[in-house]
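Engineer: Going down the list, the protein sequences come from chains A, B, C and D.
When you line the first sequence up against numbering that gives the first Met the number 0, it's residues 0 to 348, in that order.
When you line the second sequence up against numbering that gives the first Met the number 0, it's residues 0 to 348, in that order.
When you line the third sequence up against numbering that gives the first Met the number 0, it's residues 0 to 348, in that order.
When you line the fourth sequence up against numbering that gives the first Met the number 0, it's residues 0 to 348, in that order.
Be aware that one or more of the hints could be misleading.
[Claimed, not checked] A few chain B residues that face chain A, going by a derived Cβ cut-off under 7 Å, partial list only:
#1 CYS196
#2 SER201
#3 MET202
#4 ALA204
#5 GLU218
#6 TYR222
#7 LYS226
#8 PRO238
#9 MET239
#10 THR246
#11 ARG304
#12 THR305
#13 PRO348
Hints listed in this document are in silico derivations from the structure and should not be mistaken for laboratory results.
Bear in mind the structure is a predicted one, so any value in this text is a computation, not a measurement.
Where is the CB? At the ideal position from N, CA and C, for every residue including glycine.
Protein chains: 4
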Amino acid sequence: MDTIKASIIGATGYAGAELARLLLGHPQVTLLEYGSKSYAGQPFAGIYGNLRSFVREDCSAPELDQMAEEADVVFTATPQGYLSGILTEDVLNKTKVIDLSADYRIKDVQTYEAWYQISHKSPQLIQEAVYGLCEINREKIRPARVIANPGCYTTCSMLSAYPLVAEKLIRPETLVIDAKSGTSGAGRGAKTANLYCEVNESMKAYGVARHRHTPEIEEQLSYAAGKDVVISFTPHLAPMNRGILVTAYASLADETIGRSQIEAAYEKYFGSEYFIRLLPEGVCPETRWVEGSNFVDIGFVVDPRTKRVVIMAALDNLVKGAAGQAVQNMNLLFGFAENAGLQAVPLFP
Amino acid sequence: MDTIKASIIGATGYAGAELARLLLGHPQVTLLEYGSKSYAGQPFAGIYGNLRSFVREDCSAPELDQMAEEADVVFTATPQGYLSGILTEDVLNKTKVIDLSADYRIKDVQTYEAWYQISHKSPQLIQEAVYGLCEINREKIRPARVIANPGCYTTCSMLSAYPLVAEKLIRPETLVIDAKSGTSGAGRGAKTANLYCEVNESMKAYGVARHRHTPEIEEQLSYAAGKDVVISFTPHLAPMNRGILVTAYASLADETIGRSQIEAAYEKYFGSEYFIRLLPEGVCPETRWVEGSNFVDIGFVVDPRTKRVVIMAALDNLVKGAAGQAVQNMNLLFGFAENAGLQAVPLFP
Amino acid sequence: MDTIKASIIGATGYAGAELARLLLGHPQVTLLEYGSKSYAGQPFAGIYGNLRSFVREDCSAPELDQMAEEADVVFTATPQGYLSGILTEDVLNKTKVIDLSADYRIKDVQTYEAWYQISHKSPQLIQEAVYGLCEINREKIRPARVIANPGCYTTCSMLSAYPLVAEKLIRPETLVIDAKSGTSGAGRGAKTANLYCEVNESMKAYGVARHRHTPEIEEQLSYAAGKDVVISFTPHLAPMNRGILVTAYASLADETIGRSQIEAAYEKYFGSEYFIRLLPEGVCPETRWVEGSNFVDIGFVVDPRTKRVVIMAALDNLVKGAAGQAVQNMNLLFGFAENAGLQAVPLFP
Amino acid sequence: MDTIKASIIGATGYAGAELARLLLGHPQVTLLEYGSKSYAGQPFAGIYGNLRSFVREDCSAPELDQMAEEADVVFTATPQGYLSGILTEDVLNKTKVIDLSADYRIKDVQTYEAWYQISHKSPQLIQEAVYGLCEINREKIRPARVIANPGCYTTCSMLSAYPLVAEKLIRPETLVIDAKSGTSGAGRGAKTANLYCEVNESMKAYGVARHRHTPEIEEQLSYAAGKDVVISFTPHLAPMNRGILVTAYASLADETIGRSQIEAAYEKYFGSEYFIRLLPEGVCPETRWVEGSNFVDIGFVVDPRTKRVVIMAALDNLVKGAAGQAVQNMNLLFGFAENAGLQAVPLFP
């Protein structure tokens, strides 16, 4: 069985630590370095006590050039603008890079710069980067050098809506995506707004009409629609650790469309996907059923009163929404079984 | 200061116990009876330990006729169909009734029977019953004998959308209401689905396209619109005790409509309402800020990209969504200050 | 009805904001200033959204001297060492001071300095300060100028153990106090350890054998015992907003002691206390029953197998453990009804 | 690689479903039947949605005799008294049985009957049953036919205290064990007391001085002490899904005993145990670090002021406290690697 060596930059954020958890359980990966700007020199298992007895290494300084010498793949779970400031042709000649930030997700650099308020330092690499939504872009991913790992909200939104947009069963301009996320999506930074007592026992929307995953969702949906798509997207913070639930609303393209056509569309695109579970009629996705796993559960209801379809999808934001999909991308890049290291049964309760 | 006597039927559910909490703190009310079918004969404070030292009475058998003899007002926080099966002209000649169930909320008895799957036993009283959404129906409430206290989701949805529908600033048929509720809304019945470990760390939609508050919202919005309105409404269960957050989406009636017109509409209808707090631009409602209180916080964002307005509103489902609004109705019925007994500052954290 | 003017220093911490909540509901108090070093000049209701429509003032710079000119009482909910560095005879000639920090709680300045690792700047005021455990020190509190408001753990521990120590029913040197606290006790500082995802779904002990409330508990118990008492005290962090539950274990002084003697001791000391609810046999305190209130629920079990008594007590750490007891002290200082502004029914669920 | 066939009786409780989760991920086990009295005939993945796409079988009626014909091992996660009513010599001649109930844990049948208030139906099998605390009884377990899988509280308590009792470093009669458990320990029965809103935001003790795990702890500790031991044990319910934290207090046998001797005792007994992680000085166990895993984290503090040691231990009540230890026992019974199927990294956050 082939094995590879991997390193992580940004290992002490929640997505980085989840990468560590998954890669430590992957039969074909040896983890070399746990790069962390903030914690370099400190024992990684002192920060993430769950890894005690699994990891004895200290965090290392995050040196991409040097990591590229030894690792077959480097994962970057870093702030926006970090990777684009240091990624070079030279690095890509030595190692594969899977980036969990947004730096190479959006093909139009003006759009990126407008939504992120960051000047992009390596726009010449954007076209080459492959958008790592595995179920949609599988064949483009396999030979890539750099993967733009999708955003958590985008993954959940895209897998919900893609088949219906691509099959022209809904009117994409009517799409309203209302998403609810666990708090790990807000990261591990020490902000008052994310303290236990501030998040617990409350729900709120945030970034209304201006969340940065909006252009990413729109770009990907536009490919599916074959035309520019503009949508409403609203993220919400929910008092739970993990999980994203998307509830999406769209008008049917035609009033005669019913459950069977929509079911057929999902079946066509995802019927044989290991990580997508299409739920039977009457069953709604719940985030608890996917916790700790790379699965996406999708269900829907056709509402004859409003001529709309209500689509629902649930995933674990740290797994399929971040680290798990990154590992799935790695499996594609190196020719491993696509679900290698990702077969754990979701944890409940 | 005038005082009245009140009794509760259904005192041991969450809404009933919240009524008890509020009425015990009301300076003009004496609570006579804590009616409960399941717990009759047991000390009320043994079931709700928070009431220890406030309530020394046992729960009584719920006898409406007899309560009507002594109480100036009877609150019913009972299952659907209960009150409509026992309410009579004779009772209403003796006492006021404030009903927290849905029995008299919907004027069209066929609609009620279709959504609730219950045959209505006293349809002759439906027209007389006044829909107790205080901020909208204040003057009709004052002289009423029987109040249909609104549903929790309906209150939050209506107060969000009413001014914009009434002022024709949005296209009502485009309205999508995505609501998130704390688990106390599911009641105190011993169901596996509502166990701690089943609800905790998860989000789900339920009753999609068929929740019973839908026709109630539609009927009330139709009055505002002056025409029949059909909407999408989706409730979600959130892992928290209290709170409803509504996020509502609607297309602007006209692309020139901006923040100021919408603000003016809210100001016109709610600018002087004690219990409605209109939030400044950039502030989104959060359920934590209204916990334990009768307040409704409302905010909105106009999205020029989609020509939609995103309206958000937060309330406490047990207070403004149930018991608090019932007390507010009682205050109107008896000529008390409308906020009597309802002035507590929300509890945070 | 007499009224007074009050100001707060440290109004934007959880204890300070809780003081604001309680004082805003107090019929005899006008709140003048919301002092906050970090948020001076910002609208208080923008930080604590629950106070919107109740407070229109900005936070002020915390100037004790100037506050003393206008306020009849100043509450300080400030870091250890802050008040002792600025409190003067001159201030105390103008206003009463109720201090929620530990600065004047411990009579022995060496003990204070050893446990807090702070040099005390005004040791000459320590003797004058009255330890504000109202149920024990009521008469000393009334005429005081400066009140050392007890710690949250200390209040819960003392009220649990005091009668049994004072009546010599237990052997104080065998006392083991195991306490569980909600996370608001950790304050509102932006620390990684207190983020939602770090606290949620976990329990831990902290400060084992060295928590700063230990000497405070020991000093107060020593007064009761009439001799020096050394105890084991272990605080734990629990995934909830509010509440402290103390479970205390002690060997009976004599094997013949049974439930009735212990009950009699609690009855003797606390039988007529408004804020102490002595639970009947078989009922254990639960923090949910005291949330948002100044009540302390106390229960116990005599274990004939081990000849120990297991005492349990629950309170709300922000109310009876901090702001509520501070208001109770204020009521004593100004001759108000001791429960004025503190009569709200606990909020459940 | 040898493989075996396993069946579960009581598969739809939390411990049973956790067994399913672990066995589905075990490389040497095929799961045959998901026995459930309540859900026989219903799809298992319809009850536990996390298992969708892993399990396509329906729940079966729980027939021990018939399961024994086909399965190499049968796990019983059933109510107290169930297995002892049906287990026979004939069954044990055909299959191994690992019982997660208390039926065969206590050697003295009078003690069992007194604490459980159940008449034991097969006392003749009690002596043969091996108490499956793997780290202590490993060699006795390997050849056994029936394993009494330890209680969750007992496992955590025993692993905390065993080395110190066995090495006579503490006085066992002074041992006070204060335990905090997640709510999954209360099972999946539809009881009002375990509803989300009843458990959330609260802490309470229960079963004080009479919890059924007490005699089990005492029996096992008595073996270690070489004499009868009586202890104080108090369980608490915490608002979290999984996890037990034990905080145990005991007087040192001798005042000269310090950290190094205690550390040496733990090292002697557990230094080479895969599933026990002995924490360095200054680190306290936290349940979050063991979630979803079979690990037990142990730490302690010697308190020179009180001459006590405070021991802390954390485990996942559904894994090491139930299903994981059951799998560990199975691995011992069949000669598999002791950690086979149990190597997943704990899930955080």
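Engineer: Now tell me if each hint is right for this structure.
Structural biologist: Tested hints:
no.: 1; hint: CYS196; verdict: holds, 4 Å
no.: 2; hint: SER201; verdict: holds, 3 Å
no.: 3; hint: MET202; verdict: holds, 4 Å
no.: 4; hint: ALA204; verdict: holds, 5 Å
no.: 5; hint: GLU218; verdict: violated, 14 Å
no.: 6; hint: TYR222; verdict: violated, 19 Å
no.: 7; hint: LYS226; verdict: violated, 16 Å
no.: 8; hint: PRO238; verdict: holds, 5 Å
no.: 9; hint: MET239; verdict: holds, 5 Å
no.: 10; hint: THR246; verdict: holds, 6 Å
no.: 11; hint: ARG304; verdict: holds, 6 Å
no.: 12; hint: THR305; verdict: holds, 5 Å
no.: 13; hint: PRO348; verdict: holds, 4 Å
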